[in-house]
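*Asks:* Its first residue numbered 1, the sequence shown is counted upward by one per residue in our numbering.
Everything labelled a hint here was simulated from the structure, so no lab data went into it.
Take these hints with a grain of salt, some might be off.
Using 25 Å as the maximum straight-line C-alpha spacing, the simulated DMTMM-like pairs for lysine to aspartate or glutamate come out as follows [stated by the list, open to error]:
1. K218 <-> D198
2. K218 <-> D500
3. K218 <-> E505
4. K218 <-> D524
5. K218 <-> D109
6. K218 <-> E76
7. K218 <-> D81
8. K218 <-> D104
9. K218 <-> E24
10. K218 <-> E70
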Amino acid sequence: MRILTTVAGIAAALVAAGSVTAQEPQRGGQLVVGVVQGDPDTFDCHATRSIGSLYRLAPHYSTLLRYSSENYPAIEGDVADSWEVSADGLTYTFHIRPGVTFHDGTTLDAHDVEVSLNRVRNPPAGVVSARQSQLSAVSTLEATDDQTLVITLSHPDSAMLDILAGPFHCIYSAELLDSDPDYPARRVMGSGPFVFADYQAGASWTGNRFDGYYDAGKPYLDSVQLLNMAMPAAVNAMAAGQIATIVPSLSQADVDRIAQMQGDNVVAYPAIDTTVFFNAIMNTQRPPFDDVRVRRALNLAIDRRAGAAALSRTTSASGYGGWMRPGSEWERPQAELEAIPGFSPDIEAARAEARALLAEAGQENLSFTYLNWNRYTPMGVFLIDQWRQIGVTVTQETLDVGEFFGRQNRGDFDATLIAIAEYSDDPTLRFASMLSHSRNPRNLTFAEDPAFDALFDAQAVETDPAARRALALQIEDEIMSEALYIPLFWSVRPMVVRADVHGFEVPNIASNYVGLDFGSVWIDQ
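Between the sequences and the hints, there should be enough to build the whole structure, so can you do that?
*Replies:* Below, the structure is given as structure tokens:
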């Protein structure tokens with residue numbers, strides 16, 4: 001269930017966007033963007049879980065494939081010029097485009113792609129690979145010559161092209177990795193449209209035009225600068241005309257304020273449903289969260305309809321639903337959703353059941369601490385009030401983004417907020433982070449769920465779309481039964497962009513992770 005934008009608002013934004021795309025791109029200028037996501041947690045694309053890191057790194061790196069900014073979710077080549085897939089779905093052959101160079105002047109070839117993706121698949125000792133499980137179907141991945149990469153699978157994987165288009169699968173220099181497998185954590189050197197220039201922790205990140213970029217004539221900008229800003233400062237700067245846009249998202253109230261202050265100097269885009277889904281999770285290493293009755297009770301207590309209505313004006317949380325994005329081809333119909341525990345419109349009956357479960361578990365006086373990122377404090381306040389209504393006492397601890405992710409990664413929490421924010425609606429990507437902890441260290445519940453794993457594996461190899469969708473819905477049922485992940489709200493993203501900025505397609509893309517290299521962006525000169 002989501003709050004719909006008006007047809008008139010959508011039409012206005014499309015007219016605004018369409019009126020500039022026919023112009024001839026102009027070269028020059030610096031794009032200044034406010035990033036409300038904290039500092040990068042690492043410089044290594046393969047290791048990070050943070051979109052804040054990706055905002056800084058994406059302009060500097062290429063990937064094998066990528067999602068089209070103009071036609072999302074279509075997939076196109078980045079360093080791959082073309083590719084073929086065998087009839088049995090087990091062999092993928094990629095032809096690497098000639099003339100791609102790294103920022104140090106060396107040539108990027110198929111061997112660099114091989115070494116980089118194998119680093120994701122089988123990281124060397126001491127190297128973190130946050131998405132290792134995504135490539136679990138790969139048997140071999142090798143360059144057969146300088147321009148050809150061949151990937152063979154142990155079984156078909158319906159999401160393989162989506163996986164390979166992932167923005168975190170940056171291509172690194174095999175030569176540099178050979179001497180230092182962990183160099184990307186300390187040095188930014190890729191083949192993207194901008195060369196790394198400067199980083200001031202807590203302040204700014206700057207990249208300059210790479211004149212050797214393979215896409216002739218691009219980038220158009222002289223440079224990009226990403227400012228690390230708190231939301232109030234970013235909104236004030238945008239309202240004053242000091243920055244070009246704010247990422248990843250704003251509240252509708254902030255968009256309206258900026259548009260009122262700046263008038264025709266900005267284009268306000270209507271909210272779009274994104275692939276970001278907020279969940280609360282419990283640390284099953286800490287009793288009583290290893291008891292499914294407790295987890296189910298906490299899920300049943302939440303009035304998602306009231307929450308979506310209350311939070312939609314002041315945060316990006318604006319819709320509720322299952323784990324497949326509202327409006328996507330995978331979405332569960334509303335009538336079916338309401339039959340699932342936690343989504344019934346009869347909240348009082350649900351809370352009565354929750355109290356009974358807590359009593360059965362001997363946890364009538366349950367209390368714990370909820371670890372939250374300070375950016376999402378209002379969502380935490382709402383949750384605490386919901387749990388209070390079944391007799392649970394919760395204290396909220398809010399941290400800045402760096403400390404927040406650090407505590408999560410160490411498992412130092414009772415309960416916490418996560419954003420399942422993949423770059424595609426594909427079920428493999430949507431559910432991969434929920435695989436049992438033994439299969440995927442990104443599972444911060446630290447739980448094992450063999451039934452979930454079996455359903456996940458079944459949908460990954462299923463090639464019939466209808467059968468695969470049915471399996472995806474069974475996965476949702478299993479998630480709700482175990483209550484390891486407590487669904488909260490889907491994020492919508494209204495945006496506002498300075499009117500002299502063109503070629504910035506992010507406002508029209510459902511994923512926050514696509515279109516971030518700024519290679520096609522230009523500014524009126």
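*Asks:* For every hint, state whether the structure bears it out.
*Replies:* Quick rundown of the hints versus the structure:
Our distance criterion of 25 Å between C-alpha atoms is met by K218 and D198, whose separation comes to about 21 Å. Pair hint K218 plus D500 holds up; C-alpha atoms about 18 Å apart against a cutoff of 25 Å. The suggested pairing of K218 with E505 holds, with an alpha-carbon distance near 16 Å, which does not exceed 25 Å. As the CA atoms of K218 and D524 are separated by approximately 16 Å, the hinted pair is consistent with the 25 Å bound.
Distance check on the hinted pair: K218 and D109 sit about 20 Å apart at the alpha-carbon level, within 25 Å; holds. Simply put, K218 and E76 have alpha-carbon atoms about 17 Å apart, close enough for the 25 Å limit, and the pair holds. In summary, the hint linking K218 to D81 is supported, as the alpha carbons are separated by about 17 Å, within the 25 Å threshold. Taking the CA atoms of K218 and D104, the gap is near 18 Å; set against the 25 Å cutoff, the hint holds.
Of the supplied pair hints, the one linking K218 and E24 holds, its CA atoms being roughly 13 Å apart against a limit of 25 Å. At roughly 16 Å between alpha-carbon atoms, K218 and E70 fall within 25 Å of each other, so this suggested pair holds.
Hint compliance for this structure: every hint is met.
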